[in-house]
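Chemist: Based on these hints, arrange chains B and C on the given structure of chain A.
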Amino acid sequence: MIKEGKIGQSEAIHLVTIAITTKVFFTSPAALMKIVGTSGWYVTLISAAMAMLGFTFIYLLLKEFPDRDLIEAYEKSVGRLMGFIFSLSLGGFILFTTSIRVREFAEVLKVYTLPLSPPSFITGIFVITIAALCFLGFEPIARFARLVGYVLIFAFLVVILSGIKNYEIHRIAPLFGYGLGKTILHGMVRSSGYGEVIILAVMAKSLQGTQHIKKAGFLSIGLSGILISLSILAYTLTFHYSVAQEFTSPMYELAGLIRYGRFFQRFDPIFIFLWSISTFISALVFFYTSISIYCKIFRIQDIRPIILPFAVLLFALTMIGKDSEDIVIGHVHIIRNYGWLFLFVPPVIALIAAKIRKKGLIESA
Amino acid sequence: MAGIFKNLNSFFTYKANQREEFELLEGADEKASQENNSATHVESAIEERLSKDIGVNLAKIKQQLNVPKNQDILIREFKLEEKIGAFIVFIEEMADGTTINDFILRPLLMPEHTAEYLKRHKKGELIDYIWNNVLAINQAKKEKEFRNIIKKVLDGGTALFIDGYEECLLIESQGYEKRGIEAPKTENVIRGPHEGFNENLRTNISLIRKIVRNEDLIVEFLPIGKKSQISCAVLYMEKVTNPNIVKEVKRRIQNIDIDLVMGAGVLEEMIADQPYRMLPQILTTERPDRAAILLIVGKVIFMVEGTPFASAVPINFWECLRSPEDYFLKWHAATFLRILRLFALLITLLLPGLYLALTLFHQEMIPTDLLAAIAFSRENIPFPAVLELVMMELAFEFIREDGLRVPGILGQTLGIIGALILGQAAVSAQIVSPILIIVVAVGGIASFAIPSYELSFSIRLLRFGFIFLAAIAGFYGISAGIILLGVMSVSIKSFGVPIFSPIAPKTRANQDVIASLPVFMQKGRPDALNPLDRKKGGNPIRRWMQYKGGNKP
Amino acid sequence: MLRKWVPIIIYILSTMILASCYDSREVDEYAYVFAMGIDKGEDKTWRLTLQFPTMEKSAGADGGGGSSGGGGGGQQDEYEVVSVDAPSFFAAVQMLNTSIPRKLNFFHTKMIAISEEVAKAGEIGEMIAPIVRNRQIRRIAHIVVCKGSAEEFIKENKPVIGKNLSKTMELAFNESEDTGFFPHSILYDFYADMKSYGYQPVVMLGGLNKQVGKEVSKDRSGGNYTAGQLPRKGGRKIEFFGSAVFDGDKMIAELTGDETRMMLMARGEFERGFFTIPDPKSLELIIPIDVHLAKKPELKINIQGESPEIDLTIKLEGDILAIQSRLEYEKGKFKKELENVFAQHIKEELDRTIQKCRNLGVDVFKFSDTAIWQFPTIQDWEDYAWDKRFKNAKINTKVEFRIRRTGRQFRSSPIITSEENE
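Residue numbers (my numbering), protein chains in the order written: chain A, 2 to 366; chain B, 14 to 566; chain C, -16 to 405.
With the rest of the complex left out, here is chain A:
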């Protein structure tokens, strides 16, 4: 089998948390604000709870097949063909997510700091970097995530805490945003925002034991739910709801308003570090996961020959979007709203199939 190394629980938590949380740096919070208004900060908690429910099924499925990863579990439970379809759609979805994240990053970077650089330059550097790093395998990615995890969380909290001067408590009112029903519905639909946790299931063998997966999964969903909620809360408090929906990158704007005296102002570019390093890590782990899924489906023993073709594919995918509007409104929206179909539904089907099969075995025996 593929040698993917072993990672510990804390590495897994850091990795998945970074992968999930990175999306607050881009347009999604503004899009969320557009839909649910001031209630965004707890909408995301509802999503997290939903994602935990979804993850429970994934965990139960893996528990049925100890020492197997998600791809093998699919095959064992629903058969080779259906398993193939499930896995392939998951792999395709993750690769698509990667491309969207890269493109989103490039677009936002272009708006805020590198307006004259063509997107192909920014995505080019990005894709080459992550492809080069994939050669090193999964283990170092997780380790690096663990190493910089603390620094990133610290920087994140610094940004949020130093904006405290601009917070006005009344900006979270009206509490129910555009209505409670809408709020809850969107909270449930957007559970795919936490779908990155499926990485753990794909990489199950690296994690040495279903028990670790369970703990790492729930903890990382919980932690990232808190972090995302904090950041949405922070800029709901900073920006009036009518203005907040207009921004390309609310977190960046938030950092831009921080001002302490004559020297400590306009420090937002330093935020690029937080932002691009976490994007790099999340895109890297997605990219690796999609390659890994591909290799597992077709039973390829070594992922390294696949990396370059996938890098070319990724680069081409990132170039599909015509303009930033297309990306932000179109693709990201699709991913957030329909992602759960790819992430959380197949495990449930597979779990039911596995249970039926098991029952059948017992009865026939």
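Hints are supplied without guarantee of correctness; some may be wrong.
Unchecked claim - Computed list of lysine-lysine pairs in DSS-like fashion (alpha-carbon distance at most 25 Å, straight line):
hint, chain 1, residue 1, chain 2, residue 2
1, A, Lys216, A, Lys111
2, A, Lys166, C, Lys298
3, B, Lys73, B, Lys239
4, A, Lys166, C, Lys371
5, C, Lys103, C, Lys298
6, A, Lys166, C, Lys314
7, C, Lys178, C, Lys141
8, C, Lys220, C, Lys23
9, C, Lys374, C, Lys330
10, C, Lys146, C, Lys103
11, C, Lys339, C, Lys371
12, A, Lys206, B, Lys519
13, C, Lys278, A, Lys166
14, A, Lys7, B, Lys260
15, B, Lys519, A, Lys215
16, C, Lys193, A, Lys35
17, A, Lys166, C, Lys146
18, C, Lys220, C, Lys278
19, C, Lys283, C, Lys146
20, B, Lys82, B, Lys96
21, B, Lys519, A, Lys216
22, C, Lys233, C, Lys330
23, C, Lys298, C, Lys377
24, B, Lys82, B, Lys164
25, A, Lys111, C, Lys86
26, B, Lys164, B, Lys549
27, B, Lys239, B, Lys82
28, C, Lys314, C, Lys339
29, B, Lys519, A, Lys7
30, C, Lys377, C, Lys283
31, C, Lys298, C, Lys339
32, A, Lys183, C, Lys178
Calculated directly from the structure, the hints in this document are not laboratory data.
Modeler: This is chains B and C only, laid out in the frame that chain A set:
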């Protein structure tokens, strides 16, 4: 041409990776340690006293001193009067060879010395007789307990065992190298010993043995090099160090097929896990005290004849930020210094790149007043900022290199004068801006704060990479560099131990990584080393806190 | 072994090929605009006035080895002011770029001055739109409505102490926190307030002082002026005083310095300021008091009726700075009396200001921030149309004041002169 095609071909066609990677796994060592200890661990029930049978005594001594694994412990067996069995035990480096040859062995092996006695007496007081009449040594005593005998031997004494006696004679023969030991050149400390290794391997081992007086300290000698066999000593603590590491170190050293290995630097490069990566994977020190601490913690140390350094494996990155001074300072100071060094490392690595990114891409971040100052000073400078920066960095490297090359005091003077005059002249000739001089100088100064010479060198080289990346894409470029360097660095393993180990991946017992806890709280050995004995201190270490008003119950 | 190197080599090569340094610009390729003025130009155009440092004097002085004297009168030459009439902001920038050898850069723009004419015409919205979208202009830039032409205003924007214009501007704006005579208005707040369904934006008012030196004030508070009217001589011609009240993007009224303070108090943004009231015992003398908010103002809002009912309680505390009459106001009965008089004084002033704004139909006091809590959803809040109903709102005010400290003197005893009988 054909070579290029071959390479290209190999690039596009698949070939499986054949190299087996050495990993230090949790489960694997348990088995190994069991195997290993089944022989040695019986000794917990050793009999304290000597036996009358010399064969039993010899076996026990061998077992306790780990002979023949321990290659510098010498046992010389001989016969007194051609019939009475006897042997002496001593450690090669700790004892004085001349004393043993001329004043212990020679008189004992001359039959006429003891012939007289054996004629007259039963062999009842042979030991007394030898002491009174044979040995020309100023100090010795009789001893019955193994523990004391071993202690003395480790101290440089010689033990004489004679068949039929329940006691042995401990003869003073201490004579380790005392000459030629100088203060360490690169690892100076204010508090702590001023002793450094020198080019003599035996002397170096004796310096370590002087500190670690324990029978578990094993010294093995391996010859390396085909044409010129230079000896290499491998030191480790039996019952502490993971045997897999020892095995691996020995395997790598033994399987080097080259004519001459000149010094530890060459050997390090030959046996490193990933020689292409820039971060150091082996820690070198020229201080016996530091080597001793590394040994006790559970590392393997190897030394090559002719090199005044000891190299330790496996290491982690954080140890490269540790200076020997840290061991002698209070924990607050040590923690502060370590954070300072980490900061210095980041400054050296990133400052020139950050300056470039700020001035070329992110002018909004520079405070307005400072920006005005930079813009004013750059007004008449003909070069682009990148060229200006690289020029000054190179000039700085020249000065540093010259300071090494030019002998003695002149070197230091040259460094200071060179930097001052060059900087001053360049500014007044309007070739570089004064702020840039500050940036380059701060980066340069910070690089000297990194205690590990190898690390400092790598960081200085990598700095140019960051300058390049900053020049093409500002902060974004630097982040790409950080991720590239970071992931590559964490994938490095030093003899199976990930180099960023207590933090990434997380392992237990990391009381001394960046923040150093007080010494009395550092109870465990680094978990990443998978040592056989995980505790290096009691629980609690300061037992006097518990037993007030008396000794321990 | 080569296989390991291939990715790295590809990486380096491709970054080198990609590297054309698209966005990299040397620091000295830019002209940094420090202040920007917006006027109405000829024939439906805008007149954009920009001020930037020329980097002339200081560079010469530095190169010469630091002759810090710098030639007294030459300071003004360090900054250049240019104006252009153009149909839009970006057209103006491009037009100016052709004549200015450096690229104009707005990263460090500290002040955007809008002439009263433009503000009153209700055209700010059109002008602000490109500015807000532009990544270069920071949202923490200060926004000022200036009386008269913005061009003249920017021309007079010079440092008076030292040579450093950016520092001068920053420190001048910070005076808002010390005096409360003008609000601290930044671009972001202005933009967000324009879009708010509740309250309306307020912007600091700037003007050029006529440097008359004396003008009889209407009362003795020292704050009953708007910008440009201060009776002073010397110093910078520019001054900030009072505030401009907007309805959406249209300026509809001015508030004097005193009224601005009241507005800030009601908002809870008043930091501190010296108030002067007539001595209740001897009316020709005055007592200056250093006042700050004891806590955030308490608001009770009833939205049940057709128009909202608002109860506002402001709690102030302060230190006595001087007692001209030398009566013992520090203790007991006198202290109580002084506190009541001052509270009454503030209440009158506050009621007058609230009345003025209510007549204008704009909530500049941010009462809507408290009212919004009573609406569960955004739709409810927007349907309520606070800005329309505020005109008829019933507002009851209450002011409490306490003297906390009396400065370095604990007691005051009368001055004994030989002409005591007089």
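Chemist: What are the numbers of the hints the structure violates, in ascending order?
Modeler: 1, 3, 4, 5, 6, 7, 10, 16, 17, 18, 19, 20, 22 and 28
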